[in-house]
Amino acid sequence: MKAALIFTGSGPILVLTSFESLESPHFIQRLAARGISKFIAHEVPVELVQERYGKRFSVIMGDLSQNDDMRVMDVDGHHVFNSFSFEELGRPIYPPPPRKPVQEAVIEEGIESEWLWTNVDEYGSLVESSYLPMVGSHIVPAAPIEAGVRSKKARFKINRQGIIFDGSPQNLNGRKLVLHGRSSPALGRADTVTPSCTWRPADEGGWICV
Amino acid sequence: MKAAMIFTGSGPILILTSFDSLEHPTFTEKLGARGISKYIAYEVSVDKVKNLYGTRFSIILGDLSQTDDLRVMDIDGHHVLNSFSIEELGPPIYYQSH
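Residue numbers (the working numbering), protein chains in the order written: chain P, 109 to 318; chain U, 451 to 548.
Heads up, a few of these hints could be off.
Reference excerpt, derived from the structure (chain P facing chain U, CB under 7 Å, subset only) [stated by the list, open to error]:
#, residue
1, F115
2, G117
3, G119
4, F189
5, S191
6, F192
7, G198
8, F273
Now the in silico label distances, taken between C-beta atoms and shown as ranges [claimed, not checked]:
#, chain 1, residue 1, chain 2, residue 2, range
9, P, E128, U, E537, 32 to 42 Å
10, P, E128, U, N532, 27 to 37 Å
11, U, S471, P, K284, 48 to 58 Å
12, P, E131, U, P541, 31 to 41 Å
13, P, H187, U, V522, 18 to 28 Å
14, U, G485, P, F273, 34 to 44 Å
With a cut-off of at most 27 Å between alpha-carbon atoms, the simulated BS3-like pairs for lysine-lysine come out as follows [stated by the list, open to error]:
#, chain 1, residue 1, chain 2, residue 2
15, P, K284, U, K488
16, U, K488, P, K260
17, U, K488, P, K146
18, U, K480, U, K500
19, U, K498, U, K488
20, P, K260, P, K284
21, U, K498, P, K284
22, U, K480, U, K452
23, P, K261, P, K284
24, P, K284, P, K265
Since the hints were derived computationally from the structure, they do not count as laboratory data. Note that this is a predicted model, so its numbers are computed, not measured. All residues carry an ideal CB built from backbone N, CA and C; glycine is no exception.
Please work from the sequences and hints to get the whole structure.
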């Protein structure tokens, strides 16, 4: 469990997270899902947060799952900023520089993709997929799922531009699948069945075609 | 002259100053007069600010006294944060009034 002050464009917020690192791509993804794509983070001791927020801390903690999760504890920037002295802050942690825009899904002319089977989490990210490089990809705009449901099975095809059709659930239709990874050739080709290269996890996250 | 991004409780602001230090007692006093008694400052390139803000920069610069002065350049926190890459920030300077 970690607690951190996150300095954003509209002031600092205080978050609790069960991610092991504030530099974890998943943690950064969670922040991005809340509209925070650029930030400076300082870890603060969880004990101090508990001491200063008392019952509010317990309530938020009750929401926090054991695995990979994040909860916003306080969005009152002045209160957050004044609740901790500089001596109590850890070193500044900066997010990695933005990667080049992910390549758009491209399918060979006249070919539709095979059926893609995935699990989509509450943030629209693909957490399981029938095609490895798609894990970590996301659907935009995010497809809301029922409260309390962590992920939902989905099945769909994508067209040449990555637009979803024939989707189940149907509310995926018309949304766009943004593929996670960097590669050559382009991701998302119709080689979802017969990959033309070997996919390996890249050091900085995502997948690389070798 | 220096330019700096100042992180406060309500988001970063961008300032220009003719103080030679972002911890100068009169500099901190002037920020204090604007309600900022605790901050994290990151120096940024004056040239970059000039390129980013153009005429606005010239106008603000015209107001800036040659010594011991401070002018607020931009209070739009999101714009300020997104105008500079992390690599363009100097080392953090922490200040809190006693």
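Here is what the structure says about each hint:
1. The interface hint given for F115 of chain P holds, since its Cβ lies 5 Å from the closest Cβ of chain U, which is under the 7 Å cut-off.
2. Among the interface hints, the one on G117 of chain P holds; its C-beta lies about 3 Å from the nearest C-beta in chain U, closer than the 7 Å criterion.
3. The beta carbon of G119 of chain P is positioned within 7 Å of a beta carbon in chain U (closest approach about 4 Å), and the interface hint is therefore held.
4. The beta carbon of F189 of chain P is positioned within 7 Å of a beta carbon in chain U (closest approach about 4 Å), and the interface hint is therefore held.
5. Interface hint at S191 of chain P: violated, since its Cβ lies 10 Å from the closest Cβ of chain U, which is beyond the 7 Å cut-off.
6. The closest approach between the C-beta of F192 of chain P and any C-beta of chain U is roughly 10 Å, which is over the 7 Å cut-off, so the hint fails.
7. For G198 of chain P, the suggested interface contact is broken, since its CB lies about 12 Å from the closest CB of chain U, more than 7 Å.
8. The beta carbon of F273 of chain P comes no nearer than 35 Å to any beta carbon in chain U, farther than 7 Å, and the hint placing it at the interface is violated.
9. About 26 Å separates the C-beta atoms of E128 of chain P and E537 of chain U, a value inconsistent with the hinted range of 32 to 42 Å.
10. As the Cβ distance of E128 of chain P to N532 of chain U is approximately 28 Å, the hint placing it in 27 to 37 Å holds.
11. The hint said 48 to 58 Å for the Cβ distance between S471 of chain U and K284 of chain P, and at roughly 50 Å that hint holds.
12. A beta carbon spacing of about 19 Å between E131 of chain P and P541 of chain U contradicts the range 31 to 41 Å that was offered as a hint.
13. About 23 Å separates the C-beta atoms of H187 of chain P and V522 of chain U, a value consistent with the hinted range of 18 to 28 Å.
14. The hinted window of 34 to 44 Å between G485 of chain U and F273 of chain P is violated, with their beta carbons roughly 54 Å apart.
15. Taken as a hint, the K284 of chain P and K488 of chain U pair is broken in the structure, with Cα atoms around 44 Å apart against an allowance of 27 Å.
16. For the proposed pair K488 of chain U and K260 of chain P, the alpha carbon gap of about 45 Å is over 27 Å, so the pair is violated.
17. Of the supplied pair hints, the one linking K488 of chain U and K146 of chain P holds, its CA atoms being roughly 22 Å apart against a limit of 27 Å.
18. Restraint check: the Cα-Cα separation between K480 of chain U and K500 of chain U comes to about 23 Å, which is no more than 27 Å; the hinted pair holds.
19. For the hint linking K498 of chain U to K488 of chain U, the alpha-carbon distance of about 25 Å falls within 27 Å, and the restraint holds.
20. In summary, the hint linking K260 of chain P to K284 of chain P is supported, as the alpha carbons are separated by about 17 Å, within the 27 Å threshold.
21. At most 27 Å may separate the alpha-carbon atoms for a hinted pair to count; K498 of chain U and K284 of chain P exceed this at roughly 36 Å.
22. Between K480 of chain U and K452 of chain U the alpha-carbon distance is near 15 Å, which keeps this suggested pair within the 27 Å criterion.
23. At most 27 Å may separate the alpha-carbon atoms for a hinted pair to count; K261 of chain P and K284 of chain P meet this at roughly 17 Å.
24. Restraint check for K284 of chain P and K265 of chain P: satisfied, since their Cα atoms lie roughly 11 Å apart, inside the 27 Å limit.
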